[in-house]
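Once you've looked at the hints, dock chain B against the given chain A.
Protein sequences, first through last, are from chains A and B. Note that UniProt numbering gives residue 173 to position 173 of the first sequence, counting from 1, and the numbers run on in steps of one. Note that UniProt numbering gives residue 151 to position 151 of the second sequence, counting from 1, and the numbers run on in steps of one.
Keep in mind the hints are simulated off the structure, nothing from the lab. Glycine is no exception: its CB is placed at the ideal position from the N, C-alpha and C atoms. There's no promise every hint is true.
[Stated by the list, open to error] Distance condition first, Cα-Cα at most 25 angstroms in a straight line; then the derived SDA-like pairs of lysine to any residue:
hint, chain 1, residue 1, chain 2, residue 2
1, B, 227, A, 120
2, B, 227, A, 125
3, A, 27, B, 171
4, A, 233, A, 34
5, B, 227, A, 148
6, B, 227, B, 46
7, B, 227, A, 121
8, B, 227, A, 139
9, B, 227, A, 147
[Claimed, not checked] Just a few of them, taken from the derived set where beta-carbon distance is under 7 angstroms, the chain A residues facing chain B:
hint, residue
10, 61
11, 82
12, 84
13, 87
14, 89
15, 98
16, 99
17, 101
18, 111
19, 112
20, 113
21, 114
22, 115
23, 117
24, 119
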Amino acid sequence: MGAQTQDPQDGRDAIVFRDAAVRRGEKVIWQHGNFAIPAGSVTAIVGTNGTGKTTMMKAELGLLPLASGSVTVLGRPAGEANRLIGYVPQSYTSDIDSNLTAEQSVLLGLTGTRFGIHPITRAQRERATQAMSFVGIADKARYRLSELSGGLRQRVAIAQAIVSDPKLLMLDEPLANLDLASQRSVAHLLARLNQELGMTIQVVAHDLNMLLPILTGAVYLLDGHPHYADMRKVLDSKLLTHLYGTNVQVVTTPQGDMFVTPSLDEPEGQPMDMHTAAEVAELHHHAHTPSMHHTDHAAPTDRSHKE
Amino acid sequence: MSHIDFSFDPNWMDTLTAPFMTNAFLAGLCIAFAAGVMGYFTIARHSTFAAHALAHIGLPGATGAVLLGLPVSLGLGAFALGGALVIGALGKRVSEREIATGTVLAFATGLGLFFARLSSSASQQMQSILFGSILTITDAQIVGFAIFDAVLLAVLAVIYRPLLFSSLDEQVAQAKGVPIGWMNVAFMAIMAGVITIAVPAVGTLLIFALVITPAAAANILAASPLKAMVVSGVICLVSIWGGLLLASMFPAPPSFVIVTISTLIWAGARAFDALRRR
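Extracted from the complex, chain A is given alone in its bound form (with noise of 0.2 angstroms):
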């Protein structure tokens, strides 16, 4: 924590791919990857159920082999700065049968991967203190994990990424199962741990609504290839109703926020894809060859099976 020192990594890019694909057994879950997020943004990794998303925050942290290409995380070959990124996966609301407190989790953030007897210092204490503080837990560290609410618990999990300090932080559906106040609360949390802290930040998400007004840009799983664009040409109604596969609009209102809204009108009957091959080939920004993105359109299957 603390006041935010020059950050080496500024101005350079914090993830990039480079032709990256990842497969599990004959299936490509998604390939052609190629792309670069840029130092201090906040991104999310949206696309439909089973399109990988998941799949591509494991492949960032290493713990997924590339089938081909690479994935560079702050300057370094995936899996090899880990220790520079907060990971908050999303398994955090299933049921805690530890009768851990809030601040002993947090604690596990710093000496958690250390083997041998190492007694807690006053200065790890102090700064899973200061990790609670931020993220508005302080007064809850004696807490057990188990007497928390999912979105307190959220918040332990976010303080157990950030007490060591990390340059990238990874949310895995970091707002799902919370209530619309506690998503709010996270949203403006991440704002903050990016402003302040000078923080890249990466959300999986399938639901932007909450997370717009912070995003900086999206990477967009679509037709089994990953990309990355600016916010503004995320927020696109008809990319997003292909992204999506269902009718979605979007709508400017007078706060100046803008909403994807799943539009309820939609006819029964219509084809979901309402693109032409025109303006798929538009929306897409490949730099393979065609002969190449042929293929992958050939398979849409790969689409339904589980992330």
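Below, chain B alone, put in the same frame as chain A:
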């Protein structure tokens, strides 16, 4: 129907000071330490059923050893360790797969019965393997238990935090570089050892009440892993020593009294927790 006598035994002090009782108390101390520490991790890792199954996987090893004229503990330990390494190598998720675990458990129990039927001496030992016989523990077993406890302490001193981290959230621990595969194998292997030393006390069928139940009660009463391990070890010790004491006063099998005390403490902790939360 024979007459059942539940009357108080006035010569209980003589029973209590007999040499076999000294061994039983010492064994209780060794078992309480190991079970207290590992019970916590077993619950934190959602592996209680897998731990229970290990005892049953050990059963054919135990009766098979008798068949071959080998020590019961050797066969039990070998089978439990083999089962532990397979479950451990398959990953933490597998230990949560209740149907596969339950099926293997049932098969192993059946196999244990089959081996027991092949020889009369194994048949005789069957009851003490299933329900324990803490009063027949030998000096050599005590030495073995003490060595195991020392090894357990040394190993845990090294892997304590990574094991705890991977128990709490395996995905984050993995991302941070904890070798979760090794943690899982280490955990299951240690568990096999704990079961091998705890089975002589209460047997394969009642082991859950001695390894898991005290840890569950301790989780309610103590709010940190280390405290919970200490409390769990104390509950385990109270159960075994209390069981031995009561079993020498009244004619009841020690295993029965031990699991009864453990269960009552757990029920008391649950009741206390329910009252506290109101």
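Here's how the hints hold up against the structure:
Between residue 227 of chain B and residue 120 of chain A, the direct Cα distance comes to roughly 15 angstroms. Compliance with the 25 angstroms bound is thereby established for this hinted pair. This hinted pair checks out: residue 227 of chain B and residue 125 of chain A have alpha carbons roughly 18 angstroms apart, not beyond 25 angstroms. Taking the CA atoms of residue 27 of chain A and residue 171 of chain B, the gap is near 24 angstroms; set against the 25 angstroms cutoff, the hint holds. With a C-alpha separation of about 17 angstroms, the suggested pairing of residue 233 of chain A with residue 34 of chain A holds against the 25 angstroms cut-off.
Restraint check for residue 227 of chain B and residue 148 of chain A: the C-alpha separation of about 21 angstroms stays at or below 25 angstroms, so the hint holds. Annotation: proposed proximity of residue 227 of chain B to residue 46 of chain B holds, straight-line Cα distance about 19 angstroms (limit 25 angstroms). The straight-line distance between the Cα atoms of residue 227 of chain B and residue 121 of chain A is roughly 18 angstroms, inside the 25 angstroms bound, and the hint therefore holds. Distance hint between residue 227 of chain B and residue 139 of chain A is fulfilled; the C-alpha atoms sit about 22 angstroms from each other, no more than 25 angstroms.
Under the criterion of a C-alpha separation no larger than 25 angstroms, the hint pairing residue 227 of chain B with residue 147 of chain A is consistent with the structure, at around 18 angstroms. Taken as an interface hint, residue 61 of chain A checks out: its beta carbon lies about 5 angstroms from the nearest beta carbon of chain B, inside 7 angstroms. Using the Cβ-Cβ criterion of 7 angstroms, the hint placing residue 82 of chain A at the interface with chain B is satisfied: the shortest such distance is roughly 6 angstroms. With a least beta-carbon distance of about 11 angstroms to chain B, the hint placing residue 84 of chain A at the interface is violated under the 7 angstroms criterion.
Interface hint at residue 87 of chain A: satisfied, since its Cβ lies 4 angstroms from the closest Cβ of chain B, which is below the 7 angstroms cut-off. The beta carbon of residue 89 of chain A is positioned within 7 angstroms of a beta carbon in chain B (closest approach about 4 angstroms), and the interface hint is therefore held. Hint on residue 98 of chain A holds. Least Cβ distance to chain B is approximately 4 angstroms, under the 7 angstroms limit. A distance limit of 7 angstroms between C-beta atoms decides the matter here; for residue 99 of chain A the minimum to chain B is near 4 angstroms, and the interface restraint holds.
Interface restraint check: residue 101 of chain A against chain B, minimum CB-CB distance 6 angstroms, threshold 7 angstroms, status holds. The beta carbon of residue 111 of chain A is positioned within 7 angstroms of a beta carbon in chain B (closest approach about 5 angstroms), and the interface hint is therefore held. Because the smallest distance between the Cβ of residue 112 of chain A and any Cβ of chain B comes to about 3 angstroms, under 7 angstroms, the interface hint for this residue holds. Annotation: residue 113 of chain A was flagged as interfacial toward chain B, and the flag holds, the nearest CB pair being 5 angstroms apart, inside 7 angstroms.
Interface hint at residue 114 of chain A: satisfied, since its Cβ lies 5 angstroms from the closest Cβ of chain B, which is below the 7 angstroms cut-off. Interface hint status for residue 115 of chain A: upheld, as the beta-carbon distance to the closest one in chain B is roughly 5 angstroms, under 7 angstroms. Interface restraint check: residue 117 of chain A against chain B, minimum CB-CB distance 5 angstroms, threshold 7 angstroms, status holds. With a cut of 7 angstroms, the hint placing residue 119 of chain A at the interface with chain B is violated, because the nearest CB-to-CB distance is about 11 angstroms.
Checked against the numbered hints given earlier, the structure breaks hints 12, 24 and satisfies all the rest.
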